[in-house]
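Residue numbers (my numbering), protein chains in the order written: chain A, 160 to 383; chain B, 160 to 383; chain C, 160 to 383; chain D, 160 to 383.
Simulated from the structure, these hints should not be mistaken for laboratory data. A hint or two may mislead.
Copies of the same chain look alike in the list, so a pair counts if it fits in one copy or across any two.
[Claimed, not checked] Calculated cross-link-like contacts (lysine to any residue; reagent style SDA-like; alpha-carbon spacing at most 25 Å):
no. : residue 1 : residue 2
1   : Lys-340   : Thr-161
2   : Lys-363   : Ala-315
3   : Lys-363   : Ile-301
4   : Lys-195   : Asp-215
5   : Lys-340   : Asp-285
6   : Lys-336   : Glu-362
7   : Lys-195   : Pro-332
There are 4 protein chains.
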Amino acid sequence: MTDFPDRLLAGYRSFMSGRYADERERYRVLADTGQKPHTLLIACCDSRAAPETIFDCGPGELFVVRNVANMVPRYEPDGQFHGTSAAIEYAVQVLEIDNIIVMGHGRCGGIQAALDPTMQPLSPGDFIGRWMALVRPAAEQIQSNDLMTQAERQTALERVSIRNSIVNLQTFPFVQKRSEKGELRVHGAWFDISTGELWVMNEKGDFVRPDLDEPMAEGEQALA
Amino acid sequence: MTDFPDRLLAGYRSFMSGRYADERERYRVLADTGQKPHTLLIACCDSRAAPETIFDCGPGELFVVRNVANMVPRYEPDGQFHGTSAAIEYAVQVLEIDNIIVMGHGRCGGIQAALDPTMQPLSPGDFIGRWMALVRPAAEQIQSNDLMTQAERQTALERVSIRNSIVNLQTFPFVQKRSEKGELRVHGAWFDISTGELWVMNEKGDFVRPDLDEPMAEGEQALA
Amino acid sequence: MTDFPDRLLAGYRSFMSGRYADERERYRVLADTGQKPHTLLIACCDSRAAPETIFDCGPGELFVVRNVANMVPRYEPDGQFHGTSAAIEYAVQVLEIDNIIVMGHGRCGGIQAALDPTMQPLSPGDFIGRWMALVRPAAEQIQSNDLMTQAERQTALERVSIRNSIVNLQTFPFVQKRSEKGELRVHGAWFDISTGELWVMNEKGDFVRPDLDEPMAEGEQALA
Amino acid sequence: MTDFPDRLLAGYRSFMSGRYADERERYRVLADTGQKPHTLLIACCDSRAAPETIFDCGPGELFVVRNVANMVPRYEPDGQFHGTSAAIEYAVQVLEIDNIIVMGHGRCGGIQAALDPTMQPLSPGDFIGRWMALVRPAAEQIQSNDLMTQAERQTALERVSIRNSIVNLQTFPFVQKRSEKGELRVHGAWFDISTGELWVMNEKGDFVRPDLDEPMAEGEQALA
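Hey, can you work out the whole structure from these sequences and the hints?
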């Protein structure tokens with residue numbers, strides 16, 4: 160009938176007979192009343208870091224932007240197309256979400272490309288090259304640090320980039336305004352694919368393990 | 160310690176004790192060997208239409224771009240920032256994915272905005288207005304049909320927009336080249352939030368229910 | 160004895176030994192006391208959309224008009240022959256039915272003909288051409304939409320035509336009068352031949368799936 | 160959700176879990192390949208004489224026109240709306256059906272009205288009056304026979320009207336042409352609601368019981 164990938168059709172049927180069957184009513188209500196997500200989550204396209212999976216969120220919770228390396232450009236009212244800025248505008252002005260989270264992760268291909276001075280354009284359009292230019296200055300400074308290993312430099316830039324995006328978020332007048340009113344909170348997070356560890360940014364900009372001193376955490380680790 | 164939303168930390172702990180515990184090894188391998196997703200999925204930011212949920216996909220399967228109204232602009236090598244084009248370039252040229260799926264959904268807020276002639280800019284940047292300009296001509300033609308209901312016009316534009324994005328995908332030389340070689344397939348899909356129905360695009364551009372004549376389908380329904 | 164089609168005689172014998180045998184008494188009573196159907200159903204002649212089958216109705220329930228594309232003309236007291244208007248008049252004024260349902264369906268040949276600008280008269284009388292003129296203006300507006308596929312345009316016109324017939328029904332003074340008194344309700348329905356789905360018109364004129372949030376519905380699906 | 164009659168929704172669910180579930184594939188094929196009915200059946204709107212029930216026919220078999228008193232007007236290429244003529248034209252010219260059956264039945268309200276000289280218009284449009292004018296001359300002659308009982312006169316007119324419609328069918332050039340070629344056969348039938356008896360017209364125009372000397376028949380009657 161169509162050549163739609165069998166793997167995905169099988170996954171869809173599993174969703175219908177499982178999760179959808181369980182949450183049928185929730186989907187119905189969300190369709191009728193509209194979405195009211197509490198959080199705008201800006202994540203990477205990486206196939207190993209799906210926000211709904213990592214935060215075990217159900218339908219209606221997360222409004223999710225995913226671009227290469229989970230980046231937020233500065234506020235640029237220049238009449239150009241800005242997909243990420245459009246999503247931020249819609250989430251804050253229409254959905255009035257309570258939180259914005261910029262979530263990065265380890266082994267990020269985009270960050271790796273930004274750190275590779277020999278990187279050639281992937282196509283005449285050089286879209287990745289242009290896109291990663293958002294962190295080029297930071298990438299050059301970090302790459303020049305020959306005391307850190309390549310893995311350390313990559314993790315460093317992944318985290319610098321998250322802080323950079325959070326700074327850029329504040330250049331959006333409507334983000335700044337609602338933040339000042341205390342109606343909106345901006346957060347940073349970094350997910351370690353290899354260990355499953357979630358690190359969140361604290362007020363100093365450092366990334367810490369929020370679950371470590373949680374009683375539950377040990378239990379989890381035991382289970383794990 | 161941080162003001163990271165409790166709801167999300169609780170969800171993360173549930174992920175760690177549940178899914179991550181079950182797939183620990185898979186995450187480890189994916190971290191060491193890198194991702195090799197089979198599909199680039201271009202979806203909407205909508206909180207009710209998470210691709211990994213709808214296709215019940217695990218880590219490593221889907222490279223996911225999410226922007227407002229799951230749109231793909233035309234190939235424009237103009238030196239500007241193009242987040243979606245960058246992701247497509249990376250997925251096709253570096254990850255060499257096998258499929259690109261453009262997935263739209265019902266009750267899409269972006270499409271609704273495009274169909275609203277009275278819509279005012281949401282901010283001085285008017286990012287949503289600029290972004291939705293990608294379907295403005297189609298929106299105007301469809302909105303001019305006064306015989307269809309608003310809901311019918313919206314569904315029509317949601318589907319027209321998917322076909323439009325698929326046409327735009329073919330303007331990317333590398334997409335066209337790999338498609339012609341038979342190394343890449345481009346698909347359209349539309350998810351009905353209220354019913355959970357998945358409709359996929361056939362060779363004529365029509366959206367059909369792929370699960371309907373699958374022997375499995377009835378079984379699932381019985382399970383549901 | 161006669162050349163009456165064997166297939167139909169065999170079907171008749173099956174009716175006599177099955178359904179009639181079971182409902183013998185009901186037929187006798189209906190013959191003696193006369194019919195008192197609750198519903199006037201205006202359906203298409205299409206062989207795939209028999210109302211008694213789709214609604215599993217027994218003798219005495221549905222007073223059924225079937226014409227090409229289930230259309231209702233406007234009230235025209237012009238002294239001409241109006242078969243459909245005559246049936247509506249009889250059902251409302253003599254039988255005092257409680258409901259009028261206009262039921263359309265997918266893949267309707269009449270609607271397809273209306274959308275085909277190259278359609279030639281099928282005979283010198285051009286009866287289909289004249290009959291489908293009832294939806295000509297709508298057909299032209301919908302056909303002019305070059306963004307929708309032919310199948311999408313057809314479904315759109317099938318539904319527009321149902322709304323159109325419902326508007327026309329209200330031009331009959333006796334329909335309007337009994338509707339205003341709350342003695343008569345007018346409904347729209349659309350049957351999808353390929354999936355068996357029934358869609359009914361809601362107060363906005365949109366077609367929705369009435370069985371979806373019925374507790375029974377899942378059971379049926381399980382049974383199916 | 161809608162006020163669609165519960166009785167009909169329940170009937171629809173019964174259809175979906177029963178007959179549709181059994182004939183799912185047949186409906187799918189009929190949707191994809193289109194209908195190819197063998198017979199055009201012209202029947203009455205009467206709720207007690209549904210053709211698919213009486214002939215136990217499945218989807219795709221009968222193309223059915225239903226008007227008050229199952230009448231066929233003469234061929235009138237006068238540019239007016241002729242719903243019944245349009246259906247005949249479509250069935251013969253497009254579907255190329257093999258048989259046309261005009262089926263009347265006992266206790267027909269339309270025939271009863273035609274025989275009632277005191278009958279007043281049911282509305283200012285007097286649609287039934289105009290429609291039944293098709294048999295007015297025959298009705299007057301039969302009503303003037305004061306030797307027959309009213310019941311006998313009614314049965315007589317029901318049968319005269321069937322023969323009259325069959326004569327009118329032959330005024331359609333395309334019916335005549337295909338009949339002469341032996342590609343189309345025209346039949347008459349009369350259904351007795353109270354006994355379930357089917358009478359079919361023989362070459363002399365008489366109505367006979369086709370099943371009486373059929374070996375199966377006794378069996379049926381035993382079962383009945």
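Right, here's what the structure says about each hint:
no.: 1; hint: Lys-340 <-> Thr-161; in the structure: between (51 Å within a copy, 19 Å between copies)
no.: 2; hint: Lys-363 <-> Ala-315; in the structure: both (15 Å within a copy, 17 Å between copies)
no.: 3; hint: Lys-363 <-> Ile-301; in the structure: both (20 Å within a copy, 18 Å between copies)
no.: 4; hint: Lys-195 <-> Asp-215; in the structure: both (17 Å within a copy, 23 Å between copies)
no.: 5; hint: Lys-340 <-> Asp-285; in the structure: between (40 Å within a copy, 22 Å between copies)
no.: 6; hint: Lys-336 <-> Glu-362; in the structure: within (19 Å within a copy, 41 Å between copies)
no.: 7; hint: Lys-195 <-> Pro-332; in the structure: within (22 Å within a copy, 39 Å between copies)
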